[in-house]
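Asker: Can you make the complete structure from the sequences, with help from the hints?
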Amino acid sequence: MSRRDGCGTGLPRPLLWLALCALCPLCRGAALPSGPGPAACSPRCRHGGLCLGNGTCLCSKGYEGERCQHATCYPKCKNGGECLRPGKCRCPPGYGGRYCHKVSCEGGCQNGGECVSVNGVVKCLCASGWTGSRCQEAICPQGCRNNGACVAPGICSCPAGWVGGACHLAVCKLPCQHGGKCIAPNMCRCRLPYSGLQCTKKRKE
Numbered sequence: 001m002s003r004r005d006g007c008g009t010g011l012p013r014p015l016l017w018l019a020l021c022a023l024c025p026l027c028r029g030a031a032l033p034s035g036p037g038p039a040a041c042s043p044r045c046r047h048g049g050l051c052l053g054n055g056t057c058l059c060s061k062g063y064e065g066e067r068c069q070h071a072t073c074y075p076k077c078k079n080g081g082e083c084l085r086p087g088k089c090r091c092p093p094g095y096g097g098r099y100c101h102k103v104s105c106e107g108g109c110q111n112g113g114e115c116v117s118v119n120g121v122v123k124c125l126c127a128s129g130w131t132g133s134r135c136q137e138a139i140c141p142q143g144c145r146n147n148g149a150c151v152a153p154g155i156c157s158c159p160a161g162w163v164g165g166a167c168h169l170a171v172c173k174l175p176c177q178h179g180g181k182c183i184a185p186n187m188c189r190c191r192l193p194y195s196g197l198q199c200t201k202k203r204k205e
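Numbering (the working numbering), first residue to last: 1 to 205.
Restricting the straight-line Cα-Cα distance to at most 25 Å, the calculated cross-link-like pairs of lysine-lysine (DSS-like) are:
{"hint": "1", "residue 1": "K61", "residue 2": "K88"}
{"hint": "2", "residue 1": "K78", "residue 2": "K88"}
{"hint": "3", "residue 1": "K76", "residue 2": "K123"}
None of these hints come from the bench; they were simulated from the model.
Source: prediction; values computed, not measured.
Answerer: Put into structure tokens, the structure is as follows:
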């Protein structure tokens with residue numbers, strides 16, 4: 001006798017029934033015969049999996065596991081990523097892309113820096129003359145004195161009254177006379193026997 005299934009094919013053999021019925025959406029979640037007795041999958045097959053007569057699940061494409069509970073991603077999620085659904089990865093911090101194959105530095109790398117992964121640690125590899133977590137800080141090897149700020153590799157921005165590559169030269173608006181030296185903004189250090197704001201006063205002996 002022939003046995004009719006949910007697809008209405010009336011196939012007499014369970015194996016042929018399985019092969020054809022797997023193509024039919026009406027059979028999703030149905031129990032397929034494999035001999036005497038009813039088939040039962042407990043818990044039920046998930047994500048459209050088919051319950052076979054021996055109580056096992058035949059999973060839909062993109063899923064695996066005893067009850068088809070795990071999604072599969074191909075290629076597999078890299079760098080510790082988790083497959084949420086077929087072809088969709090959830091990436092850990094520091095990685096991005098469809099399969100978590102791209103290194104991603106939060107905030108990006110500035111001033112020509114490159115985002116790299118070193119021994120599993122994601123960080124910015126800075127260009128020469130820059131440092132900081134995002135390569136945001138310039139390096140001035142000479143240092144910036146007198147509250148100067150390093151604004152670009154080797155370049156200091158000096159406060160008022162100071163100049164020079166390291167903000168180390170004071171500026172006196174009125175020049176120091178008679179060999180005097182400007183040691184601070186508008187402040188002269190005079191040579192004897194001179195004194196005064198510009199070293200113009202000569203002491204009497």
